[in-house]
Amino acid sequence: MMKFHEVIKLPSIAHYGLRYVLPAAAVAACVLVLAAVSLPGRVPLPPLLAPEVTKNTVDGVGGDRSGCDIFKGEWVPDMSGEPPPYTGESCPVIHGHYDCMRYGRPDLGYVRWRWRPDGGCEMRRFDAARFLAVMRGRSVAFVGDSLARNQMHSLVCLLSRAERPAPWTNGSYAYRFERHGLTVAAFWSPFLVRAVETDPDGPTGSGAGLWSLHLDEPDAGWAAHVGAFDHVVVSAGSWFYRPSMFYDRRGRLVGCNTCLSPNVTDLTLRYSLRMAFRSALRAAATGGARRRGGRAARRTVIVRTISPSHYENGTWNGHGDCVRTRPARRGEWELNAMEKDMHRIQVEEFAAAARKRGKGAARMMLMDATEAMAQRPDAHPSKYRLWQPDKFKVSRDCVHWCLPGAMDACNDMLFHMLIG
Numbered sequence: 007m008m009k010f011h012e013v014i015k016l017p018s019i020a021h022y023g024l025r026y027v028l029p030a031a032a033v034a035a036c037v038l039v040l041a042a043v044s045l046p047g048r049v050p051l052p053p054l055l056a057p058e059v060t061k062n063t064v065d066g067v068g069g070d071r072s073g074c075d076i077f078k079g080e081w082v083p084d085m086s087g088e089p090p091p092y093t094g095e096s097c098p099v100i101h102g103h104y105d106c107m108r109y110g111r112p113d114l115g116y117v118r119w120r121w122r123p124d125g126g127c128e129m130r131r132f133d134a135a136r137f138l139a140v141m142r143g144r145s146v147a148f149v150g151d152s153l154a155r156n157q158m159h160s161l162v163c164l165l166s167r168a169e170r171p172a173p174w175t176n177g178s179y180a181y182r183f184e185r186h187g188l189t190v191a192a193f194w195s196p197f198l199v200r201a202v203e204t205d206p207d208g209p210t211g212s213g214a215g216l217w218s219l220h221l222d223e224p225d226a227g228w229a230a231h232v233g234a235f236d237h238v239v240v241s242a243g244s245w246f247y248r249p250s251m252f253y254d255r256r257g258r259l260v261g262c263n264t265c266l267s268p269n270v271t272d273l274t275l276r277y278s279l280r281m282a283f284r285s286a287l288r289a290a291a292t293g294g295a296r297r298r299g300g301r302a303a304r305r306t307v308i309v310r311t312i313s314p315s316h317y318e319n320g321t322w323n324g325h326g327d328c329v330r331t332r333p334a335r336r337g338e339w340e341l342n343a344m345e346k347d348m349h350r351i352q353v354e355e356f357a358a359a360a361r362k363r364g365k366g367a368a369r370m371m372l373m374d375a376t377e378a379m380a381q382r383p384d385a386h387p388s389k390y391r392l393w394q395p396d397k398f399k400v401s402r403d404c405v406h407w408c409l410p411g412a413m414d415a416c417n418d419m420l421f422h423m424l425i426g
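Following our numbering, the numbering of the sequence shown begins with 7 at its first residue and continues without gaps.
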């Protein structure tokens, strides 16, 4: 039986890449995995951002052209009366892991909420026609784990209301909106750096695997092609819980995370997450010049912070589930201690990368979606998803997000940050 960490093999990028991805880039294959993590004890929800990095930055740290902090707020009922922006029928690119309507979720309450920022700000709904017009001739890459692909599918479905992309099927890693010359792609890289699985069962035989992480080496699967993209959205987190050994640029073992090796220092995932984001953001910001109209075009690198899982009454591999039918009130759902540290590390590494940018380096922006997503325990697939018991041991998914649903708000944030 395939372990929960094993992957779904999707069509090779060779099938799609040369036809649909920008001529300068061959998009590397990504795979979709259900990231399953256990939740330690919970602590009060912390202040999510220090003042100097609270804004959806336009150029480095601080500064928001609208004066509105879109990342702090609450979910309020959507009184527009409009139907969901898309469904699995109208947008067939949605993977079965996220297509909650198709797999029998009985309520639609999870799509009838909108994110309202504090202070009287209004975050405009995603405008597909305007996004395509402004982004004409450009490209967006999502780099990270299956939650990065979750957001990519959301964006493709939102844009499809104005133009149908090619290919128009599930299983592609890149979608091309031909009339507007826009490419939206995903790169599978759950650790962001070079990673090799050395033991499928892992130190405890649980099937979590044991990984060798080369923390100074950005994953070539995406880093070699990042120069071809105008906008790069980086997000990762869940896979860092897995047992792993840490190596530096000289190939020296410097520590591990839950490797249970008596002669190796357990530095915890805090170390690997920090070093991986540091390497990845350096590569994303400097990975070659994007050419447009014969001139070098400045890239935008966006860091999307972690979205917490919402298992209750047990863990992912026990009896945990997510059965709530409405968002949590502000502060009602609390990040656990590790999630708090992961969020802090991502914000700190974003701020450090923004400060260290050289001349002509990428514009850095922070999408701090953690507070918004922490309030949505109602918006996960749970059992209403494609479940393949011969491939996955996890039957209740409280990590990924139903589409349509809360993940669409992350693309509302993207629209606000890039378009205004």
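Possibly wrong hints are sitting among the right ones.
[Unchecked claim] Calculated lysine-lysine pairs in the DSBU-like style (CA-CA distance at most 30 Å, straight line):
#1 K362 with K346
#2 K78 with K346
#3 K362 with K78
#4 K389 with K346
FYI, nobody ran anything at the bench for these hints, they're computed from the structure.
Requested in this report: Check each numbered hint against the structure and report the violated ones by number, ascending.
Outcome: Hint check: nothing fails, all pass.
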